[in-house]
Amino acid sequence: EGSNPTEVSTPYHKPFRLRHAAIFRAKAFARGATDSVGSIAFYEPPPAPIIETFETATDGATAPHAATSEDAQRKQYQARITEDEAGEGDRSLKFTDGPGQKASYTPHVCYRRTYDEGHMASRVALRVDDHSSMQLQWRKYDGNSYTNGPSFTVEPGGRIVHQGEPLSKVPLDQWIRVELSETLGDAADGKFQLRVWLPGQLE
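Quick note on this note's numbering: the sequence shown kicks off at 17 and runs consecutively.
It cannot be assumed that every hint is accurate.
[Said to hold, decoys possible] Only pairs whose alpha carbons sit at most 30 Å apart, straight line, appear in this in silico DSBU-like list of lysine-lysine: (1) Lys156 / Lys207; (2) Lys156 / Lys110; (3) Lys30 / Lys43; (4) Lys185 / Lys110; (5) Lys118 / Lys185; (6) Lys156 / Lys118; (7) Lys185 / Lys156; (8) Lys118 / Lys91; (9) Lys185 / Lys207; (10) Lys110 / Lys91.
None of these hints come from the bench; they were simulated from the model.
The model shown is predicted, which means the values in this text are computed figures rather than measured ones.
Could you build the full structure based on these sequences and the hints that come with them?
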């Protein structure tokens, strides 16, 4: 309960389950010795995953749990919920852009989360056509600047590329699933994994 242990505190001999953040305090007790400091540890549970299916969103709305950026001058270039196509369920997020847009990276959506350690993965269902050009990228923000993390790009024709190096080619006009994963914190080795599930391989 957060207090410092004493000789009459209840000892724990077996594992126990935590469902919320907690502080652990421990002390050693031996005849003729004093543990004046003890030890302390902090436990933070893993963050809840982001599961974005768009099924409860209104047709034409932006992604409910993300920040959306669109071209204010060309309002037809959007990232909006649609009922036209869906990998699963009835809705998906459709990106529409074209000639004359102000920046190549709009429209885009951004999910902001802070993770310091552990294994992180992001999995998305994608459907691209012959002209599609898109990128999925992780970033580490430090104030107004950021460092690029794991990423991949889908170029026109369905070619998956990482930093200019071709990795794979995906079928056009069909739903696939792509996953980025990486270990963060002290166990990080600077590498990430990219997995692709093709039609017929989806669960």
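* To do: Against the structure, test the hints numbered earlier, and report the numbers of the ones violated in rising order.
  => Result: no hint breaks.
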